Amino acid sequence: MYVAVKGGETAINNAHKLLDKTRRGSLDIPELSVAQISEQLPLAVARVMTEGSIYDPQLAALAIKQSAGDLVEAIFLLRAYRTTLSRFYCSDPIDTTQMQVERRISATFKDLPGGQLLGSTFDYTHRLLDFTLLADGRTPEELETITSTNQEDDAEAMTRVLHMLERENLMVEEVDEQTTPTDITQDPPAYPCHRSARLQALARGDEGFLLALGYSTQRGYGRNHPFAGEIRTGDVTISITPDELGFSIDIGTLQVTECEMINGFSKLENDDIKFTRGYGLAFGQNERKTLSMALIDRALQAEKYGEERVSPAQQEEFILSHCDNVEAAGFVSHLKLPHYVDFQSELELLRRLRKERMDNEQQGTSGEQA
Amino acid sequence: MMPSENLNESNQQARQHWMSVIAKSSSEALIDLSDTYINGHRFETIRAAEVGLTQVRGRMGGTGSQFNLGDMTMTRCVVRSSNGYYGHSYIAGRNKEHATRAAQLDAMLQDQTYQQDLITNIIQPLANHLAEQKKRKADEVAQTKVNFFTLVRGED
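Protein sequences, first through last, are from chains R and G.
Per our numbering, residue 56 is the first one in the first sequence, and the count goes up by one each step.
Per our numbering, residue 234 is the first one in the second sequence, and the count goes up by one each step.
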């Protein structure tokens with residue numbers, strides 16, 4: 056039970072002032088600008104946009120600054136802001152096949168049409184602290200040298216890796232059912248839910264939670280034998296079709312990351328045998344998240360492939376109702392709110408029970424003695 | 234029927250093109266380039282620039298059924314030019330100046346009196362700049378193209 060508590064205004068105001076002061080840190084150090092966060096912490100921005108469920112790098116950077124770098128708090132701020140805006144349109148589905156690719160790799164084919172582009176990645180770095188960054192960082196000249204030699208002018212079209220397997224009838228096909236997708240922000244999911252609701256919930260879900268569950272599938276809890284078929288990061292055009300115009304128009308571009316997982320082959324309803332698949336999609340450069348999302352998307356298709364649901368990563372309701380870190384942090388954090396009356400009643404109950412027991416014991420002993 | 238609604242297919246394609254270029258260009262570049270063409274023209278505000286959201290949809294496996302990924306901020310605006318053309322704008326982000334200028338340009342671009350001039354001096358340069366940016370980015374990424382090779386280990 057939670058009972059309203061009055062008072063403490065001055066203390067609360069002062070605590071907020073202290074928060075401002077803590078966030079600002081030493082005044083001898085220049086203040087961090089929102090533009091600096093947006094430009095120089097793009098991966099934090101990507102996570103906050105994805106889980107905060109609004110693509111807007113500036114807002115996400117502001118939320119990160121305000122939350123002093125607490126990303127779950129920043130995600131909460133963005134979600135709260137989201138509720139103040141009305142939704143004008145639903146976009147035409149983004150076409151990731153037409154992505155201007157900044158990174159594209161496959162762990163299943165060495166040579167593939169369009170090639171493997173590493174882009175900017177932590178892969179192949181040695182995870183050694185770079186003390187140049189502690190000093191003055193890289194000079195503009197050093198950064199410039201990255202773009203220099205052999206221009207690739209005959210850019211090959213980048214065929215989707217899983218599509219190549221589909222053509223050979225080796226991969227379960229993705230069929231466009233032409234249905235309006237479920238929107239969990241309007242209708243809370245009822246279980247079992249449609250895959251569109253699952254993917255939406257996973258896209259908003261906490262990266263750490265999904266990573267742990269994805270990892271559990273690799274360790275044998277809901278094993279589905281994954282290969283990273285294709286991972287892409289890059290810009291896609293976003294278009295809407297406003298009623299008042301009646302035709303589709305581009306409103307801008309957004310950066311997304313997608314991961315297509317190839318999973319172990321399975322016997323289908325028609326007795327055919329094909330590889331199965333999982334899909335991950337997120338705003339910005341967000342690779343670990345999309346890998347985890349794809350692993351879980353596949354694990355949650357257990358029913359479709361006649362797999363027994365025995366592991367945590369296969370439990371749809373468990374995952375979807377616990378993966379949202381705004382809900383989870385909210386409920387866990389509410390434990391900090393005053394529960395004085397609630398606790399008082401527990402305290403009294405326990406004291407009474409113990410007293411009764413002691414009284415009974417005393418009566419017992421006095422009875423024996425008598 | 235208003236003149237702006239009398240669009241045949243090629244006009245519609247031309248309009249889609251300029252709306253796309255205007256939306257994807259930076260607001261600074263757009264406003265700098267178009268200031269001199271807009272000054273002196275009057276526009277009636279039909280729907281003042283307002284910020285809202287659009288749901289962003291993706292497809293399962295990139296090509297299958299749709300699902301909702303999340304929202305994106307956007308700004309829309311409608312104006313009417315003194316010649317009676319309605320200009321619409323829908324721009325990703327929360328920049329009202331960008332959306333207002335985009336709507337004004339959309340109205341003027343539908344007007345044959347100004348169309349060619351604006352396409353040559355605003356839309357074309359912006360489109361070229363976008364293409365250059367795209368090319369530069371692609372060249373940069375192309376430097377990270379790898380050729381992995383496998384080694385046979387052991388004998389036989």
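Some hints could be false.
Stated by the list, open to error - Some chain R residues near chain G, calculated using beta-carbon distances under 7 Å:
| id | residue |
| --- | --- |
| 1 | 149 |
| 2 | 231 |
| 3 | 254 |
| 4 | 304 |
| 5 | 334 |
Stated by the list, open to error - Per label pair, the in silico range of CB-to-CB distance:
| id | chain 1 | residue 1 | chain 2 | residue 2 | range |
| --- | --- | --- | --- | --- | --- |
| 6 | R | 198 | G | 261 | 51 to 59 Å |
| 7 | G | 279 | R | 83 | 50 to 58 Å |
| 8 | R | 194 | G | 259 | 24 to 32 Å |
Note that these hints are calculated values from the structure, not bench results.
For clarity, every value in this text was computed on a predicted model and none was experimentally measured.
C-beta: ideal position from N, C-alpha, C; glycine also.
Going down the list of hints, with the structure as the test:
no.	hint	verdict
1	149	holds (6 Å)
2	231	holds (5 Å)
3	254	holds (4 Å)
4	304	holds (5 Å)
5	334	holds (5 Å)
6	198/R x 261/G: 51 to 59 Å	violated (23 Å)
7	279/G x 83/R: 50 to 58 Å	holds (52 Å)
8	194/R x 259/G: 24 to 32 Å	holds (26 Å)
Going down the numbered hints, you'll see the structure goes against just number 6.
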